[in-house]
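**Student:** Quick note, the sequences are listed as chains A and B, same order.
For the first sequence, the working numbering assigns the number 1 to the initial residue and increments by one for each residue that follows.
For the second sequence, the working numbering assigns the number 1 to the initial residue and increments by one for each residue that follows.
For the record, the hints were derived by calculation from the structure and aren't laboratory data.
There's no promise every hint is true.
As the list claims (entries may be wrong) - Partial pick of chain A residues on the chain B-facing surface, computed with a CB cut under 7 Å:
#1 Phe5
#2 Leu7
#3 Pro124
#4 Ala127
#5 Tyr133
#6 Thr134
#7 Ser135
#8 Tyr138
#9 Ile208
#10 Gly210
#11 Ala221
#12 Ser253
#13 Tyr254
#14 Gly257
#15 Thr259
To be verified - Computed list of chain A residues with no C-beta within reach of chain B, every gap over 12 Å:
#16 Gly57
#17 Gln171
#18 Lys222
Glycine included, each C-beta is placed from N, C-alpha and C at the ideal position.
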Amino acid sequence: MDLFFSLALQILYGIANLALISLGLAIVFGMMRVINLAHGEFLMLGGYTVVVATNNGVNIWFAMLILAPLVVGIIGLIVERCLIQWLYGRMIDTLLATWGLSLLFIGIITSVFGASTSTVISPPLGAVTIGDYTSSGYELFLIFVVIVLLILVYLTLKFTSLGLVARATMQNADMAACLGISTSRIYMVTFSLGAAVSGLAGGLLAPITGVLPNIGVIYIAKAFITVISGGSAILAGTTSASVLLGGVNGIMSYVTGPTFGEVALLFTAIILLRLMPTGITGRFFRKSQ
Amino acid sequence: MSFNRRRFLKTTAGAALAAPALMKSAMAGGHGAIKFVSILDQSGGLDIYGKPMVDATKMAIDEINEAGGLLGRQVDLKVYDPQSSIQFYTQFATQAAAGDRADVVHAGITSASREAIRPTFSRFQTLYFYNTLYEGGVCDMNNFCTGSTPAQTVEKLVPYTMNKWGKKVYIVAADYNYGQITAQWVQKYVRDNGGDPVETEFFPLDVTNFGPTIKKIQSSGADMVMSALVGGAHVSFYRQYAAAGMNKSVPVASTTFGVGNEHKLISAEEGDGMICAYSYFEEIDSAANKDFVSRFKARMGADAPALNELAARSYEGAYLWAEAVKAAGTADRMPVIEALRSGLGIDGPSGRVDIEPKTNHCNQNVYLAELKDQSFNIIESYESQPPTDTLMVCDLVADPNQAVFKFENGLKAAGIDI
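In isolation and in its complexed conformation, chain B is listed as follows (with noise of 0.2 Å):
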């Protein structure tokens, strides 16, 4: 295009007109509404996790926008599709941070999509929360990791079912940092509690045929086996793996199965009997959370999911979120944090959520379950369980000028004997 100067005269003359109005839209985007954005895969192998994550969410701004907002402000939630690539997270993450100037950010699925988009927010100064349970070791200002931590979780895990089932251990996990990073958890565990974790492998997400494994599994003369398969492709395993009569003779516990509501996608038989830790189970047998539960399936209708321990904490992500600006007054980042950091906490239907403040994550129950005709039988709970793997590493109240992942290049690089 050749600028002359009345095209030039015309456009700025444009400009100058349209200015006072632009102005006023950013003015009362100041008193409007709060903006907060929502990055979930709803589409791809990941969606088993999305999906139910985005719903709690929805349902937790929607109960905060009909108490009246906050601050006399609604919130304006908006939800992004990434469809289990991490191009579009990155994708995303930069919309929200800087075209759509959210004032906080719900978003990540897999480790490998939070630390995608982590140093975005961290650039933007956008607060960002990550409610997915992970391998820990986030040490980041700007980032809550409300979700549990293998020292939550795993660590009550293992010697639980070593007890019950034997002390050689074959672990299978998903081929990216969570799986990579929870097994060598699963293996330092097994190890402090007197076992062998006699073999490790690791599965790209797209891997449906499990036979061969299988077979390694049965002349490994292994007592048990760890799984950290992660999507819809690794569900095949607990299927073939009972197809083969395996689930009988050498009995699976898992760090992931069931966030995924796996447990409904495979059959009683085929999944009876394994026994699964989590901060958050549908069965959880309080007031708050059957409260939680029949909200969420009257909301849902006919097509509800079942609730597990992702979308739970999305949901309680949002209401530790919300506590924080009522606390502080504000929306903005800042003040927002220091609020969380200041021992903030909910009660919540997987019951109190406090925030840790050396690490931004968080002190939560933790609750054992088996599994029998498709649903979690608590078998054991722990009050308030803190986030010691994440703690060995980072202190934010000493230092608080961090944005890393401490356990980037594996436990050992971080100083933790496995």
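So that you can see chain A by itself, here it is in the shape it has in the complex (with noise of 0.2 Å):
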């Protein structure tokens, strides 16, 4: 029983890894279409931020949850204005641009802080022992904020004016920009959005992966594959498809070893969009967001 419920909340932290890392794909890549391969690298800044901020004496919590998606929030909106706007509607430039950018932060990265960088920061919180297992309680955390970040999305594009604007945009950006939206300005904010996400999820890794400047290539092809699984609606694709890939992944891990367990998720994958190649909201949930 202690071994059932322990090995439950493992497949939970699975299935919330795989949405973390895929959440600010889905808002830059599923609302707004640009294929963002430098997402892994996002991801990689947002790590490298909480490193260098608690070498600096920073709290972690605070590096972790206020720095990460702060800073690679502006690196995004930097990148929105000097580079992507130029680009939507142009998909194979953007995945050449893209591309471009992450071989251009890995660079970068690598020449400030080397190709291994001593990353002595670990989980800020001990092991919890549930009968004779103990788990992670940074991962029981992880699985906490990913619930929490995943209702503040819901919350944002379902309630506020901001998150109608921002789904009219994406919707029918010409429609939008009759009435008088500012279409760019949504897109500047989206996207730099969906990159403090990405650097949130960087930031909350990093305790546990460790932080390298090529750690991204490890996440986005996981990444592309959750967000291109789950179809067109951010929060119900999201979930749908980080519960079913995590939990193949990780029930196959347990039963037959890692190597099983990726090939499952991708197993899994490729069916999946071989029946619904809308992805799963193409075809449940179709009115969600």
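Both chains come to you apart, so use the hints to assemble them.
**Tutor:** If you want it as structure tokens, here you go:
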């Protein structure tokens, strides 16, 4: 029973982890159709923000929850103004530009901090005992953060005027512009918000995975698979795809080992996209956000 | 391009004019610098190993040159970065052998990269050094493997940690030939010492979520974990393991931890108590080593990485080759190989290192150390350990015409009971 409970928690964490690394991309790619290949690097930058801040004596909670999203959000803003805003609707160009951006970020971070940064930050919460088993308290905290984050995004989209205008712009930019909305500004805000969420995710994951200049490469594939499997609705899509793929991955990893866990995740995504080419929310929960 | 008479005359005339110049430069090459090529990952997931190795190699070559070079010639070091990609390894190996016409190549970190480039150097008859600790079993006249092998390190590590922590061992390893074969060595030594290898799991190099495995380790009832994990992503295993509070109850020993300076990447409380065995630790208490460490730190300044077996052996590997060139009186391949195999050895930072001629491996000292506050405390040392694993399957004295990896299909296929 203890094993079942602690395993269930572990799988829940796997799901939360997937949702966390995908949410920023879901906002940028899911809402704006911008293929941001530098998404992994936004996560990486979030991680480095936390490392640099804590090395300079900043409280780790403040660094993770406030500084990381703030810094990466501002970087996202600059990137959008200087690069992305000229590329809306030009998918291949965006792809190349953000890929270049990703290499640039990796290069800059490597030359500033070195290839293997000394990151002696450890999870700021101890272990939690469940019967004979112990779980990481920090992983429980992450599950909680992801739930709060999803609720926040939902409330923002559903109940604020920014959310309404943003949804309108994503649905039909020309019509929104006719109604007097500055779509360029909406894109800017949405992109920086997406970047900020990625930064938050990167900052929160830094104590668990450590940070390396190329750690983004590990996240990007999973994030894209989750977002594309989820379909066009940001929240319902990301959540349902994370539950499905993270669940399959967690169970298979426990039963057979991590290699088959990854294989099972990819296999599920392929089958899913074959049956539902527009993702889960293309078929179910169509009216969701 | 159409090739008419006029153009033909033009180009051949050009070539005829240039020929003396080309011959001249070729002649000069014979008496010019000796070419030393190094192919080691300085970016990508394996850079945690490659960067210190390159730094140490550069230091060795600079020292050799400052001391007047070899045979009155300078040593010209060329470094390639294969970016943790096997494809670049084969490309640069061909470039080094056929394009640069290197006198010696020191290359390869993972066993996968070694097996990708070893045939190239055999084919082009280019002397090849592999300075990384590995799973043993290379039997190749042209290839000198200077790093430690499981019979030298794991054979000491397993009984020591089992006596200390218990007989049920859970093995986690990287999913390629090094991890697979090393896991078999661990299983063998665990059984030889009356223990039980309860479970063995392999991880692709990009796995960062070890949660399910940590739960399995808890439910398996293991007394200790033996890790042969590799690369930057796998460092997160130790973090997550400590975050779950496991490092206190089920301690970890490793055949790889520390050679990528992982002990500097995780905090003291996450790493304390881990036990490892290598042929070199920065903390070795000898005059030669202290001198080596201080020269390295002075050279690298504030950014100096910690020194580990891979870096120290890259340095010593360069010196082993240099001694052989001096002894042979030439940088040509066969005389250098013969000089190396004539029982040649050096006194390096790790102590005495001698070439073992049956295997082209090294007899070397091995140290057992426990991690405390991000540095290793040496608890045992063993002098001049032979590579008995490779000696079981390889005898280059009896049959010199070999260029094979004996453990390619695992230990059982090589006739070793595990």
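**Student:** Taking the hints in turn, state whether each one holds.
**Tutor:** For each hint, the structure was consulted:
Hint status for Phe5/A relative to chain B: violated, with the closest Cβ pair at about 11 Å, above 7 Å. Given the 7 Å rule on beta carbons, the hint for Leu7/A holds: about 6 Å separates it from the nearest Cβ of chain B. Residue-level restraint check for Pro124/A is violated (minimum Cβ-Cβ distance to chain B is 10 Å; threshold 7 Å). Hint status for Ala127/A relative to chain B: holds, with the closest Cβ pair at about 3 Å, below 7 Å.
Taken as an interface hint, Tyr133/A checks out: its beta carbon lies about 5 Å from the nearest beta carbon of chain B, inside 7 Å. With a least beta-carbon distance of about 4 Å to chain B, the hint placing Thr134/A at the interface is held under the 7 Å criterion. Nearest Cβ of chain B to the Cβ of Ser135/A: about 6 Å, under the 7 Å cut. The hint holds. Among the interface hints, the one on Tyr138/A holds; its C-beta lies about 6 Å from the nearest C-beta in chain B, closer than the 7 Å criterion.
About 6 Å separates the beta-carbon of Ile208/A from the nearest beta-carbon of chain B, less than 7 Å, and the hint is met. For Gly210/A, the interface hint holds, the least distance from its beta-carbon to any beta-carbon of chain B being 5 Å, beneath 7 Å. Proximity of Ala221/A to chain B is violated relative to the hint, the smallest CB-CB distance being about 9 Å (cut-off 7 Å). Hint status for Ser253/A: holds, given a least beta-carbon distance of 4 Å to chain B, under 7 Å.
With 7 Å as the threshold, the beta carbon of Tyr254/A comes within range of chain B, its nearest partner Cβ sitting at about 4 Å, so the hint holds. The interface hint given for Gly257/A holds, since its Cβ lies 5 Å from the closest Cβ of chain B, which is under the 7 Å cut-off. Hint status for Thr259/A: holds, given a least beta-carbon distance of 6 Å to chain B, under 7 Å. Once the 12 Å rule is applied to beta carbons, Gly57/A is consistent with being away from chain B; the minimum gap is 16 Å.
The non-interface label for Gln171/A is consistent with chain B: the shortest C-beta to C-beta separation is roughly 36 Å, beyond 12 Å. Non-interface status of Lys222/A relative to chain B is broken: a Cβ of that chain comes within 12 Å, the nearest being about 10 Å off.
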